[in-house]
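Student: The listed protein sequences correspond, in order, to chains A and B.
Taking my numbering, the leading residue of the first sequence gets 6, the next gets one more, and so forth.
Taking my numbering, the leading residue of the second sequence gets 761, the next gets one more, and so forth.
Keep in mind that the hints were calculated from the coordinates and are not lab data.
Glycine included, every Cβ here is placed at the ideal spot set by N, Cα and C.
Some hints could be false.
To be verified - Where chain A lies over chain B, by a calculated footprint (3+ residues, C-beta under 8 Å): (1) 763-776; (2) 780-794; (3) 874-881; (4) 907-916; (5) 933-946.
What the hints assert, rightly or not - Chain B residues, not near chain A, derived (Cβ > 10 Å throughout): (6) G952; (7) V1002; (8) A1003; (9) S1040.
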Amino acid sequence: MKSKADKKDLTRRLAEIVGDDAVLTDEQELVVYECDAYTLQKNLPTAVVLPKSAREVAAIVRLCADLDLPIIPRGAGTSLSGAVLAVDGGVMIALTRMNRVLNVDPRNRRALVEAGCVNAWITRDAEKHGLFYAPDPSSQPACTIGGNIATNSGGPHTLKNGVTTNHVLGYEMVLPDGTVEWLGVEPNGGEEVGGYDLRGAGIGSEGMFGVVTRALVRLSKTPPAFKTFLGVFASVEQASRAVSDIIAAGIVPAALEMMDQLITQALEEAYRFGFPLDAGAVLIVELDGLANGVEQQARQVDEICRQNKASEVRLARDDAERAALWKCRKRAFGAIGRLSPNYVTQDGVVPRGKLPEIMRFIRTVSERHDLRIPNVFHAGDGNIHPLILYDERDPAQVKRALQAGDDILGKCIELGGSVTGEHGIGAEKIDFMSRQFTRDDLEAMQQLRRVFDPEKRCNPHKMFPGAKRCAEFTQKKQVAA
Amino acid sequence: MTLKPCTISELQALLTRSRGVDAVSLDAVADLIEHVPGDMTATVQAGMRLADFQARLAKVGQWLPVDPPEPETVTIGSLLADNLSGPRRFGCGTIRDWLIGLAVVLPDGTLIRNGGRVVKNVAGFDLCRLFVGARDTLGIIVEATFKLLPLPEADACLAKPCDSLGQAEELLEKIWTSELQPSVLDLHRIDGGPLTLVIGFAGPSADVEAQSEVATGLRFAGGASLDYDARFRRTTPHFPSVAPADLASTLRTLGDESFVARAGNGVIYHPSAEPPKLPSPELQKRVKEMFDPEGVISG
Ligand SMILES: Cc1cc2nc3c(=O)[nH]c(=O)nc-3n(C[C@H](O)[C@H](O)[C@H](O)COP(=O)(O)OP(=O)(O)OC[C@H]3O[C@@H](n4cnc5c(N)ncnc54)[C@H](O)[C@@H]3O)c2cc1C
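One chain only, chain B, in its complex shape (with noise of 0.2 Å):
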């Protein structure tokens, strides 16, 4: 069952008399509530999409800093409880590093408040982090107050094709140990075109452009485009995680099929790929009954 509520109250309401909700739509409930430049934060509600929230955002030289793919699509809503990501982890972090405040109707129509709006707080024990990635099964965040960045001065993506694995192994090692500092850091080969290793830098222009210089001597060409990343994910849900290290070692295992890889994360998009194990099913399990006791969300 998929619930479409035109405010929060009536998402309370709907709560309240349901069981095995599955989806719920909150695309009338999607106003910026608040953005203070000066403070380098905002409040949005949950059915903003990502693209238009980024939108405001920049009018005053600012952005969340997170680039899943589709922002055009992806709501504050989804962009939370997927927890979802894109290229620019390596530099940014998730999702998860940024919200400072939530507010969530839980499955029985209790609207909840967690965190703040100030970048500091430890006053209670913090359900923001628990609710990111939750996928909306204990509860649906209705809004979200993020910690923002100004936007970088200058941003610039080089690409190299490389010959095997082991190649891109050394080059991803060279770049590891030396100074630079990129945001982002990918390796990808996508329908039979070249094993590509991808590396973003962004901040002031000086120190981009000086990366960048560093990058062409490694023989990175200069102008590449993060598209693929969109392209190619939209197909693959799954993917295995495993420390940075240990990466070039996995992917031999995972065969020829297309993937692209977090390279500095170690998180690999594959489409044979098993997804990550559920660790301490226990709690994991106490948590769902604890908060939604009734059944109200499935999942």
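Chain A on its own, in the form it takes in the complex (with noise of 0.2 Å):
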């Protein structure tokens, strides 16, 4: 890193660009950014700058390419793998200030935002025509669009509707260089884009190829008819069972949520829905649609939750219900809070049919290292979120905890899976790329990383094996939600 005269001078030529008011570089002000909601590994950017335009943004990284300083691009911070981490300093562009719905077009079914965007103000403003924004992380009335396309987010709702890289049609990217390009389809263009898929390419790039500035998004028609059930059942292993046979009865729900005894115990201690206290697990079944074909498979989902022993099957009276339900849900990371000073979440990924195997693991992995590790999860997508439980003041807790998620995470590559569907690698699980992947295969990602970042400047130290670390591990309490 740079000296303090040097600091000096990088903080008035920021100033420069984005006016003494968009540039921190107090430790007090900076700690706020020192991690995201990944806690365990924590280190100070050199500066942190707030631009108001794409040409700022452009301005601050041609700065940089000069100084060769490496840019960290930040959105709301949420990040649960520690991708926006400072690890070896730096200036973090944080888009907070480029945060606006630049234009809903309902004709086309579009909208274009700036990166700084909250994922939740795209649907907000998109509703009144009878459209919305597909894409649901938990962490949506806070999370960015720039987050969400740099991790390549999911939600609840990705069964049936996809991932982000599914609705990003184009976006505005900052090389490392300072150089600005359009990536995919443009405002008021064709979708059919020449060459190579670039968009695509940069989709989950974890910010390593360059600050996205804006955005377009496509919008999606509101289906007329939802129902929402919960089904509560004895043990995971039931619950599982329901989930295959909903699917192997030709039904895709536009959410297939599952969450153990632990999870609704919480939720319902923080929240009070409503949740059985006594159930193994409660399952989330949402089927959108038109109002017919709705009818037909609510029908089938009934039956199918009460043969596999549902003791009850409960639907959602009114949107209001369903709004509640869904509140809960996207709020069972803040739930656990009660139930222990501090958490990891982990985010493994395997095929379908192996739940009921990787719920017994999970179980095994809890006994063995004497930690409790409740579970809320994608059921429909095999995407898992066991929370390992620990307290930080016990540093062989601390341990057990690291070990447990390994183990779990060892688990899922085991079983045919991967150890992260929407979190990412960050500088969390570095370490699992080389088990997942090959050294050829890690290669042709660098070689791609290359295309945009030939100098490994932005958003360096992730992802990759042999990477440097954080000399510190520092562990506190988890704020995230």
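Put the complex together from the two separate chains, hints included.
Tutor: Put into structure tokens, the structure is as follows:
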């Protein structure tokens, strides 16, 4: 990192671009930016800048290129994998002041937004046209579209609707050398784009290819009918069988979410929704579409749940109850704060059919390491979120918690799955990359990276084995949600 | 030069010794590796014909939601390399939306994998999207894993001849703002035939019936076929693409020849149209240089 004098000079030159009030270099101010929602590693960036336009972003990036400083794009900082960590200092470019919905185009079912625009704001503005933006991460009241593009975010409704890459038509990106490119479908342009799919290549690149400044997203028609069920089961196995039977019946629900007993108890205590406290597992099944078809499938789903010995199948009575149910589900991580001083959220994926097996495995891991591990997950996608509870004041527990996470993700790979379904590799899961991929697979990814960032200056020390680590491993309370 | 390897390892070996390869035939690399109906995923080698693949999936009531012309001759490899699609593109998206994993032999002979076999996966950079539509110029796709869908319970197509483009435009507008959720929304005029609007529905029978009834109310006639697409498109490789709202105004500039348009997508197949322009030429060039520095594969 640069010396103090350099830092003064840097501050001045950044301020020339964005103004004094948009540059942070005091340690007290920088602390907010020392980590994201993954808090096991922390480090201060050299400076944080808050640009207001793509032009400012490009100027900052060019300055950093001249000074050979790392740049780290940042949205809302809700990453759960340390993707925004300034491992070796550098200039963090926070997009939070570029947060406007620029244009909603109902005729073409598109919206043009700035990168710092909060995910939920797009639907808020599109709703009056009977449209919505489909990817709905649980963090959607906070996370930004730029962050979503960088992590290819999903959410409870990705089973039917797909993830970010299926809904982002194009975006503007400032490359690490300061050039500005529009990748993919242009605003007002057609959806066929010539050449290689650079748009697709950049989605999920975890902020390592450049700084996204604007995005053109696809809007979908709001389905006219919804039916949302709560199925109550004695065990995760039974609920998993219901999931398999629903899929086998040729039904693709909008969402298929499962919560185990520890989670429902915590949620109940926190939000008093009316979850049964004695149920081994609760399944949320949401159907959407046209009224007749939804009605027809609802009868099938009800029947399937009962055949699999659901002790209760409850249908959300109205939109308000449906909204309350989803609010509860999406705040599940938050409720965990009541159970334990600290927790780590894992994000493994297994083939759907292996859900009962991975759940059994998690139970043995929990016993072996003497740690509680509640589960709330996207059952339809096979995407699990075991929450490993621990107390940072006990170093032995911290170690066991890390080991438990390692065991579970290792098992996901063994079962033919992946170590991350939506949270990304970031700084957290680097070591798993060489377990899930061969050296050649990883080298091909590095080739793609060199196309965008030959100097590896953009969000460096992430994703790939051999990357530099933060010296200190701090254990602080998880602030996620 | 065309390569005709019998196995993937033979392809690897051939590529390390070749320059200026312009085609690879993978007819011998054409197995269904795995189909897991409960996961709605399947892994297949690139040489398999799309129609054969669909027939295997259909045995358990599933399909890969893509319908390019001539599935009997289209291979999984060309489906991906040329990013092919058909009339159901409006309802189903393109093959990019259904691909979850790839195996590719790079120009230097290295076999790599990207993505995986699970439907949700963000580990590492996404090379899958990059290779779709890359026309095999960055490497040869040898195997792919897809998400699948259940075959729709019902599927119906209706058509309506229109007197003028203005009338077609009006109808399209009506459909666009209605509650209808078509899987197909095409406009075509072929070989001096009438300007025809085509609408298709797929899904639970109750929905397909109800929507077909609404379309009948708009004077669409049932029992229409989508054959026009394959017949016409065999001869029309180039096409422009516009925002859906600009479809009619663009058609007005294109003259009287036959055309097929994906009205819902704004994609127009027209013989006199220009191909889409190449954006970010500098980056495009860098991609090719990075993956094929020796120019093993032409293009
Ligand atoms: C309570 C909670 C629930 C969550 N639920 C979900 C969920 O359901 N599904 C899901 O997918 N994720 C979920 N997440 C994870 C997180 O919200 C997503 O990864 C989100 O996309 C991050 O957005 P952000 O704006 O906070 O980005 P940040 O955390 O600021 O950054 C994340 C990554 O994106 C990069 N980045 C940010 N902005 C830009 C930009 N403009 N240009 C280039 N790169 C950029 C950063 O460099 C970093 O690599 C959850 C997180 C929390 C705390």
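Student: Please go over all the hints and tell whether each is borne out by the structure.
Tutor: Right, here's what the structure says about each hint:
1. 763-776: As far as the segment 763-776 of chain B goes, the hint is violated, because 0 residues have Cβ atoms under 8 Å from chain A.
2. 780-794: n = 0 at 8 Å, threshold three: violated.
3. 874-881: This one holds; 7 residues, not fewer than the three required, reach chain A with a Cβ under 8 Å.
4. 907-916: holds (count 4)
5. 933-946: holds (count 3)
6. G952: holds, 27 Å
7. V1002: violated, 4 Å
8. A1003: Violated, because the least Cβ-Cβ distance between B/A1003 and chain A comes to about 5 Å, which does not exceed 10 Å.
9. S1040: Violated, since 5 Å does not exceed 10 Å.
In the structure shown, a violation is registered for the earlier hints numbered 1, 2, 7, 8, 9, in ascending order.
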